[in-house]
Amino acid sequence: MLRIDNLVKTFAGERRKRSRNGNGDAKGPAKIFAVNDVSFEVGEGELFTLLGPSGCGKTTTLRSIAGLERPDAGHIALTERVLFSSKPGEKPVNVPANSRGLGMVFQSYAIWPHMTVFNNVAFPLQVMKRAERPGKREISERVMRVLETMELASFADRHATKLSGGQQQRLALARAVVIEPSLLLLDEPLSNLDAKLRESLRYELKRLQRELGITSVYVTHDQIEALALSSKIAVMSDGSLVQMGRPRDVYQNPSNKFVAEFIGTSNFISGVVSGHNGERYTVETNDGRLLLDSAADMPDGTEVVVSIRPESMELSEQHRPGQPNQWSGNVLTRAFLGDSVDHVIGVGKHELRVRCNPSISIAPGTDVYLRMPPDRLSLVPVN
Amino acid sequence: MMTTASPAVGTDTVAASAWWRRWLPTPKMLILGVVGLVIGYLALVPLYYLLWGTFFDADGVSVAGFERAYGNSQIFELIGNSLWFAAGAAVLSLVVGTALAYLNVRTDVPFKALFFAASIVPLIIPGILYTISWILLASPEIGLVNKLVEPVFGSGTFDVFTIWGMIWVEGLHLSPIVFLLMVAAFRSMDPSLEESALMSGATRWQVFRKVTVPLARPAIVASILIMVVRSLESFEVPALLGLQNGIYVFTSRIYFVLRSYPPDFAAAGALAVGLLILAIIGVALSNIVGRSGKNYQTVTGKGFRPRPMELGKWRSVVGAGIILYFILTVIAPLVVLLYTSLLKYYTAPTLNVFKTMTLENYRELIGMSKAVTALRNSLILGIGSATLVMAFMAIAAWFVVRSRVRGRQVVDQLAFVPLVIPGLVLGLALSFVYLRSPIPIYGTLFILLIAYCTRYMPYGMRYAVTSMHQISSELEESAHVSGASWWQTFRRVIVPLLAPGLLAGWVYILVVSFRELSSSILLYSPGNEVLSILIFEQFEDGEFTVLSALGVVMVLTLILLVSIAYKLGAKVGLNRTN
Amino acid sequence: MRNRTVGTAITVSAIGLLLAACGGPPGGAGAGGDGSSAVEQHAKEVYDKLNGLTGKERTKELVRLAEEEGEVSIYTSNSDMDDVVEVFEDTYDIDVSVYRGNSESVLQRVLQEQSAGFYGVDAVETNSTELNVLNKENYLYPYESELRDKVREEGQAENWIASRFNVFVVGWNTNRVKPGEEPKSLEELAEPKWRSKVSLELDDVDWFAGMAEHYEEQGMSQQEIVDLFKRIAKNAKIVKGHTVQGELLSAGQFDVALSSYSHTIDKAADEGAPVAWRTSSGQPVEPVVIRPNGIGLTKTAENPAAATLFADFELQQAGQQVFEENFRIGSMPSDQDPLAGYDTVDVPGDFLASMKKWDRLYAEVVKGGTEVGGE
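Protein chains in written order, with our numbering: chain A, 1 to 383; chain B, 1 to 578; chain C, 1 to 375.
Hints listed in this document are in silico derivations from the structure and should not be mistaken for laboratory results.
Just so it is clear, the structure is predicted and the values come from calculations on it, not from any experiment.
Hints may contain errors.
[Claimed, not checked] Quick list of in silico lysine-lysine cross-link-like pairs, DSBU-like style, CA-CA up to 30 Å:
no., chain 1, residue 1, chain 2, residue 2
1, A, Lys87, B, Lys28
2, B, Lys370, C, Lys240
3, B, Lys28, A, Lys136
4, C, Lys178, B, Lys344
Make the full structure from the sequences, and use the hints.
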C-alpha cells in the first residue's frame, strides 16, 4: 500500500535552531539527519505506528509523506502512485500536499476557528477540483454522515472553537476522513488530551480505524498508545528506524537496548555467551548462569545484555527445584500500584524490578527466589 | 516556523510534465511575484529619487549633503531632543495604547463602546487641530485647564510648550496606532494561557508581564518601530509646541533645508537616510523577534472561549479612570473644537460668548462647492488605498513570514521604506515619474492613490505581519493536506484568521489618509481636491473657526465609517466576542 | 537555485521598471520642453499679437481669442482666488481650473511639469519670490498692457505683474495692550518689558530681509541688526504659520505679533476679535514691509489669451475690488490707498540671489533668541 524507500532529510545546523521545537527533529549542531535512510511498507488496512522519543524524526517522516516537508532523497509511493522520488539519475517527483489526497490529523487538531463544525468538515470536499467536486447536497450528506459516525452531528452549526477537547479531536478526525482518503496520517492526535479522555479515545480511534478500514500512519511518543493501537510498530531513534514489527514482537523481543528501554520498563543483566545449542543459549553473568531462547546468531564469547520485562518474572519465597534461571535475592522495596505490585529485588549487585499480581506482596527484607522463564528473556547485543 | 512550516515554493507539480512546464509559474508564484514587484516598485521609486538627490549633484557623486545636514554644532542637541521626544512619545503611546487595548479586550471593563471610540478618536482629529486644541487647553497663558485649576494650584500649572507637553500631545495622538495593533493581538490570544499562569499562583500583574506581554511581543515590537520612526519624523507637534520655547528637533533641520530656494534635497535626503538606516535596523530586529516563530502563534487549531477577566472591586475604579481618560484626550479637545466651530473667532468662554454662538461656519461649509467633491474623493482614496494596501500586505505578510524564499526579508524592508521618505519628496518623485511615464495618470486621482498606497504600505505591512505571526502554521497545513490549493488556503483560511489585524490596519489607513497633505498638495489637481487640501486652504485663509467645523464633521464621518467597518468586520472575521 | 532568483528578481525588475518609467536618472531635469514645441510656438504668436495691440482693439481681440480658448488653468497660492475666479467666470464665458497649494508646492509643481514637457499651467499666481524663480528659470512670457504701467511701482516686476500686496505689520491684542501703550517701533520690542509678550513667525525671511535692509540704510551694521533681532527674539515666542499666529494673538497667548499680515488682522478685527495693527489715530508701527504677489504667464500656455485676460482682470476694478473685500491691498493705486502716508519698505530686489544668506541669518536670529527665551 504505502511504500517508503531510503528516505533522507537533513537540516542545516543553522536552520535547525529556527525549527519548531519539540516536534520530532534531531537536535545538535551542523548538518544533521532528521531522517536517515528510512524504509518501510504499510499494508492495506494496517495501522502503522512510528514510535520514538521527541527528536527521533518520526514527525518529519510523517510530514514527508503528507508532502509538507520535502525530503532530500528517497522514494514514497502509495500503491502504484509515486508521491515523491529523488534518486540520482531519475526524474524527480514531488506531488504537492494538496494533490496527494490524504487525510491528516494534526497534533493541535488545526481546526479552523473561524468556521462552524460543518464547514470545517465540508472544506476538503469544497476545495476539490471542479470536475471531482460533489454537489452541494452530496457534500452535505457526506459531511453529516461523517459527523454522525463521530457523534458530532448535533454540533454541526456550532463554532468549532466551542467544542470540548475530545469533540475537537473527533472533529479533526472527521475532517481528515471525509474525503475517504486512501491513507490517513495522525500526528500525536491524543497528546493534547487528559489521561482519561486519552484512554477512551484511544479505543474509539481503533474502532473507527477498523470500521472505516483506512490505512493509517500514526505518530506517537507514547508506547502504550502504540502497543494498544498498532498493527505494526516502527521504533525510531535519531532519525533511523531501529526496529519494526508487530507490537508483541517489539515488546517481547526488543532488538536493542534503546528499544527495550523505550518500550515499557526492562531489567538488563550483562553477560557473555558461553555456549549455544540451536536457539537455546547459555549466558554467564556475574550473578549466575542464564538459559534463554533466541533466534539471534551469536558466537560464543560475545558480550551481551539480557533483558527481561518486570512482569515476565515470577517471585516466591520457596525454591522450586528443577526450574532453570532461578536466582535468590532480597526484597528491597515494594510499591502497590492498584492493578499490580512492584518489588525491587536485590540480586548480587543488581536491582531487578519485578511486577506481581496484587495477590502477591512480600515485605522488604524478605529473602526470595526469582524465576526467569527462558522464553521470556531476550538477548540484546551490546551496541 | 521557517524550516518546517510550509512546503517549499516552486515544488514541481507533476512527474511527467515536460521540462518547460516545470518552469511555468504556478498561480501562487505569480501572485507572490506580482505582490513583490508592486511593493518593490512603490518603495523604490521614491527611494531612488531620494538617494539620487542625496548622493548626486552636478559634479557627480557627493556626500556634501551629509556635511550640510549633520555638520552643525547643534546637531547633537537636535538629535538628543529628537530621541528624547521620540522615546517619550513612543513609551507613552505604547503604555496608553496597550493598557486601553488590554482593558477593552480582556476584561469586563464598563462602557466598552464608548471606550473603543475614545481610543481611536485622537487619530481622527487632524494633527494641527489636535495640537492647537491642546494649546488652548494647557498653555500657561490662556489654557482653559490652567484657568480651571488656578484657584487651587496657582497660575500656569500645566505648560504644553515643554518637551513633556510635546510628548504628551504626540503620545496621545499616536496611541490609537498601538491600540489598534494591540486589540488585534489580544483578540487572538487564548485566555487559558493567562489563566494557567494565574492558577500557578502568579498575580495578575505578573501574568500580564510574564505571559501576556511576551505573547504580544510581535505587536509590541511593531508598535515601537512605528512609534519611534513616526515621532522622529513628526513635525507638527515640535513646530507648534517646541518652537515657542526653542526646542528644536531633527526634523526642524529637514524643514529648514527644504524651505529656501533651491531646496537642499541633498541635505534633506541625508537626514532621511539617517532615519532609513534606523528603520532598517528596526525592521531587522523585529524579524529576529518574530523568528522564534511558534512562540507567538496564539491562533491555533485548538479552540478557545473568550472569557473576559473579571476586574471585581477594581471595575469601578477602572471605569472612573476610563471616563477620566476619555474626558482628557477626547472630550476636552473635541469640545474645544466644537466650541471654536460655533464662534466667529476664538475667545475664552464667558457668558457673553455663548450668546453669540452661531452655526455660520457649518453653513459656510455646506455652501462650499468643493466640500462635497473633496469628501467624495477622500472617501474613494481612503477606502481604495486602505483596501488595496491591506489586500497586498496580507499576501506580502505571508510571503515574509511563511514562505521560504530567499530574500523574503527584503520585501519586508522595502515595504517599510516609505515611512522615512518625507511626503514632499514622495510627491516630487511621483510627479517626476508620471510626468514622463507613458501611463497617463498624472493629474488624476490614480496618482494620489499610488501616493497613498505608498505612504501607508509600511503601516499595512506591520499590521499584517503582526497578525500573521499569531496564526499557527498547522491551520494552513491542514487546509493544504485537505486538498486546498495555496490560493484557496489563503482566501478561506488565512484571510479570515488575519481579519482582526487586517481590519485594524484598514481602519488606521482610512482614518489617516483623510489628513494626508504633504504629498497630496503637490499631486492633486483641480477637480480632484481631497479633504486635507480643503483643510489646508481654510488654514491658509485664516479661517480657523471654519476649520474647526470641518474637523468636527470629519470626526463624525470617520466615527460612523469606522463603526460600520467594525460591524461588517465582525461578520466575516474571527468572531470571538459572542 | 530557483528560490534565490525570486528574491533578487523582484529587486532587479522593480529597478528596471522604474528606470523604464523614468527614462533616465532624475538628476537630469534640464529643459524638457524643447524650444520649438508647437505649444510654445502657438503661445508666442498669441502673446506677440496681443502685445502688439493697444486700447479697445486689444481688449476686443483678447476677449475673442480667450473665449475661443474657453478655458484657463491657474496655479496659485492666493487664498482669495476662489472669489476672483467666481467674478471672472461670471464676466466671461471661460472655465477656470485652479490648482491651489502653498507657494512652495506651486513652484515645485510648475518646475516639475515644465521640465518634463507637461504644459498644465497657463498662469501662475503666487508670491514674488516664487515668481522670480520661475522667471529666472525662463518659464515666463512678458506680460504687457496699459494696465501694467499703472501698477504701483514696486509691483512692476520683470516678466510678471503684481496683483496685490502682502503687508507685514506689527499686530497687537487690544485687550492686553491698552491704548497708549502700543509699541512705537520694532526697537522698542527688544526692551525687557516685552519679555514673553512678543511673537515671531518662523518663516518670514523676506520680512526680515526687508527690515534688515531698512536698518542698513539707516546706518546700522549687519552685526548690530542681527543683535537687535536677537534681542527681540529673546522676548519672543516663535510660531509657525500666520494663521496660528493670528489665532493665538486674538486668544491672548502673546500680546504682539511682529510680522502679521495686515489682512489677517483686519479680517479678525472685522469679526470682532480684539486685534489691531493701527492705533485709534491710525498709526501703525513703521515701517511696514510690503511684498508683491502677482501673476505670471507661462511661455508654454495652451490658453495664452485666456491667461492674459485673467491677468488683465485681476488688475481691473472688478478684480481689485475682490482683494479689497478680503482686506487685501491691491496693486493698483486707488483713492483710498490704505497705505497712504505710511513708511513702507520692500523686500530686497536681490532677495532671490541672497536667499540662502537671509535664511541662515534669520534661522540664527530665531534660534539665538530662544536659547534664553527657553529659560
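Structure-based check of all given hints:
1. A:Lys87 to B:Lys28: holds, 27 Å
2. B:Lys370 to C:Lys240: holds, 27 Å
3. B:Lys28 to A:Lys136: Roughly 27 Å between the alpha carbons, so the hint for Lys28 (chain B) and Lys136 (chain A) holds.
4. C:Lys178 to B:Lys344: Holds, because 23 Å separates the two Cα atoms, which is no more than 30 Å.
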